[in-house]
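Heads up: the sequence lines are chains A and B, in that order.
Per our numbering, the very first residue in the first sequence carries number 1; after that it's consecutive.
Per our numbering, the very first residue in the second sequence carries number 1; after that it's consecutive.
These are computed hints drawn from the structure, not numbers from a lab.
Backbone N, C-alpha and C fix where the C-beta goes; we use that ideal spot for every residue, glycine too.
Among these hints, one or two may not hold up.
As the list claims (entries may be wrong) - Okay, the calculated bits of chain B under chain A, using three or more residues with CB under 8 angstroms as the criterion:
id, segment
1, 57 to 69
2, 165 to 175
As the list claims (entries may be wrong) - Straight-line Cα separation of at most 35 angstroms, DSBU-like style, residue types lysine-lysine; simulated pairs:
id, chain 1, residue 1, chain 2, residue 2
3, B, Lys-10, B, Lys-75
4, B, Lys-12, B, Lys-124
5, B, Lys-75, B, Lys-124
6, B, Lys-10, A, Lys-10
7, A, Lys-10, B, Lys-75
Unchecked claim - To give a feel for the contact side, a few chain B residues facing chain A, derived at Cβ under 7 angstroms:
id, residue
8, Asn-34
9, Ser-223
10, Val-225
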Amino acid sequence: MNVLRNEFAKLRHLHLVALAASMTAGIVALTVVGTMTGDAAQHASALSLAGLSLAFPLVSPLMIAVVASRTIDIEHHGNGWLLSRATGVTLGELLRAKVVSAGLVVTTATVVAVSLGALLGGTKPLWTWLGYAGAMVVVNLAVLTLHLTVSTLAVNQLISLGIGVLGTVVAICASGFPSWLAHLTPWGYYALASAADYRGDHVMTLSPSYTSVAGLAVVGVALFLFVTARLDRQEFLA
Amino acid sequence: MNTVAAELIKLKRSQSLTVVILLPILIVGVGTFNTVLSGEQLQNGWHTLWLRTVVFHGLFPLALGVALLASLIWKPEHDRGNWNFLMSGRVPSLRIVVAKTSVVALLTAAMQVSMVATVLVVGKLVFGLDGPLPAPLWIAAGLTIFAAVPLAAVQSALSMLVGSFAVPIALALVGAGVSAFLLTADVGAAIVVLPHALVSRATQLATGTFGDGGSLTAASTLSVVGATIFLSAVAIVGSSRILDRRDGRS
Numbered sequence: 001m002n003v004l005r006n007e008f009a010k011l012r013h014l015h016l017v018a019l020a021a022s023m024t025a026g027i028v029a030l031t032v033v034g035t036m037t038g039d040a041a042q043h044a045s046a047l048s049l050a051g052l053s054l055a056f057p058l059v060s061p062l063m064i065a066v067v068a069s070r071t072i073d074i075e076h077h078g079n080g081w082l083l084s085r086a087t088g089v090t091l092g093e094l095l096r097a098k099v100v101s102a103g104l105v106v107t108t109a110t111v112v113a114v115s116l117g118a119l120l121g122g123t124k125p126l127w128t129w130l131g132y133a134g135a136m137v138v139v140n141l142a143v144l145t146l147h148l149t150v151s152t153l154a155v156n157q158l159i160s161l162g163i164g165v166l167g168t169v170v171a172i173c174a175s176g177f178p179s180w181l182a183h184l185t186p187w188g189y190y191a192l193a194s195a196a197d198y199r200g201d202h203v204m205t206l207s208p209s210y211t212s213v214a215g216l217a218v219v220g221v222a223l224f225l226f227v228t229a230r231l232d233r234q235e236f237l238a
Numbered sequence: 001m002n003t004v005a006a007e008l009i010k011l012k013r014s015q016s017l018t019v020v021i022l023l024p025i026l027i028v029g030v031g032t033f034n035t036v037l038s039g040e041q042l043q044n045g046w047h048t049l050w051l052r053t054v055v056f057h058g059l060f061p062l063a064l065g066v067a068l069l070a071s072l073i074w075k076p077e078h079d080r081g082n083w084n085f086l087m088s089g090r091v092p093s094l095r096i097v098v099a100k101t102s103v104v105a106l107l108t109a110a111m112q113v114s115m116v117a118t119v120l121v122v123g124k125l126v127f128g129l130d131g132p133l134p135a136p137l138w139i140a141a142g143l144t145i146f147a148a149v150p151l152a153a154v155q156s157a158l159s160m161l162v163g164s165f166a167v168p169i170a171l172a173l174v175g176a177g178v179s180a181f182l183l184t185a186d187v188g189a190a191i192v193v194l195p196h197a198l199v200s201r202a203t204q205l206a207t208g209t210f211g212d213g214g215s216l217t218a219a220s221t222l223s224v225v226g227a228t229i230f231l232s233a234v235a236i237v238g239s240s241r242i243l244d245r246r247d248g249r250s
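Use the sequences and the hints to build the structure in full.
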């Protein structure tokens, strides 16, 4: 429990809340721009969902990579891995605590962004809005977990941030990918979880692919537990 | 000159070539993949391919690439007390800033060359496009290299000030996002305020997109050149003044 408390204490100095707030601001700003392009009087809710479905893949992957890199880089710089190991905290345990602390920040940012989007256009149909919010939380947490793991294993943060840039490009283009291809990377799930899209000039509500997102959650948790279990048996990071 | 030479030596261990080569290949690869997947032909040949690769690259990946390069170039100075060496050295701040900006701009130029080379290879081998790349697009590519200098200076300044590897990259995404919005809204004046908008505008020259007329005119070229000179001077002088006021770190 102390490990987790320490991680929350570190958040303040890393300005992670400010970073997460800028992620939310970016998503909401893009959603507002999106709602200006259609007939807001008749399709306000669908326009807002379409705006969010476009904004999340544009903003989230890189901002999450930055949050993860900030969270992990202090341990590389301050020799925190060795210090934690010497105090009886395994590497895997520390990484799991970081997923919880940074995950809470990202989840809050995600829920606030979707809520502000709902304020713009209303929440009809309610289940689609709730489902979309849940799906975005799962996809963002999966991407965050991937980046925290990569940032831990590769000291050079170029790798994690480079993957963040790659993820942004994949997330933007994934709406044009065939379904099987979108399933292959975590960023493809932003497209699979889309709750609205344009068909010509008309915007229409879609049903997010909940099964795919649930599959991502199961695979993500299994892989993360496997990697952290291995880290638990490791003396220290070279 | 010695300062620039020292920076070039540091480049060897920076892994910056990974960004210079891989980012253009990724962008052209995604553009090509989407085109092949959709089963559509390139309606206007080289122009359509240029739009799907170079113009897309200019919207935000180019800014992110420059930010990554700037973070890599400043990383050694923020590691293990090197900042104090920098502060206690006899090299004037202006020379440090110019050297760092020059190296980032040089790598950005290499990235743009890599981009055009990849487009040429894909255009000929994958799509079998006829004839050479049109002359206005060559000029736009050259102007993009020039117009990236202020962006290199600003991202270098951010990496110098912030110290974090990741945060300047997030700021580049914000800058690129605001620029894309302003250029879409046809706010041409953005290019004399935001270096991200300037470099995006340069990639859009002669394409007929984002308020561009479709042909390379003297007015559009001069506006890019003028904004580049103005923003470069402001960014370099401004960041050297800031560096002058910085002190050592404990």
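How about the segment 57 to 69 of chain B: do at least three of its residues have a C-beta closer than 8 angstroms to a C-beta of chain A?
-> holds (count 5)
Chain A contact restraint for Ser-223/B - C-beta distance below 7 angstroms = Since the shortest Cβ distance to chain A is 25 angstroms, the answer is violated.
In terms of beta carbon proximity below 8 angstroms, does the segment 165 to 175 of chain B have 3 or more residues touching chain A?
-> holds (count 7)
Please work out if Lys-10/A and Lys-75/B have their alpha carbons no farther apart than 35 angstroms.
-> This hinted pair holds, its Cα atoms lying about 22 angstroms apart.
Quickly compare the C-alpha distance for Lys-12/B and Lys-124/B to 35 angstroms and report which way the hint goes.
-> holds (33 angstroms)
Hey, Lys-10/B versus Lys-75/B, does the alpha-carbon distance stay inside 35 angstroms?
-> This hinted pair holds, its Cα atoms lying about 10 angstroms apart.
Take a quick look at whether Lys-75/B and Lys-124/B sit within 35 angstroms of each other, Cα to Cα.
-> At roughly 39 angstroms apart (the allowed maximum being 35 angstroms), Lys-124/B and Lys-75/B break the hint.
Interface restraint verdict for Val-225/B against chain A (beta-carbon cut-off 7 angstroms) = violated (29 angstroms)
Hint status (Cβ of Asn-34/B to nearest Cβ of chain A, threshold 7 angstroms) | holds (5 angstroms)
Starting from Lys-10/B, check that the Cα of Lys-10/A is at most 35 angstroms away, please.
-> Holds - the C-alpha atoms of Lys-10/A and Lys-10/B are around 32 angstroms apart, at most 35 angstroms.
Figure legend: structure checked against the earlier numbered hints; hints not met, in rising order: 5, 9 and 10.
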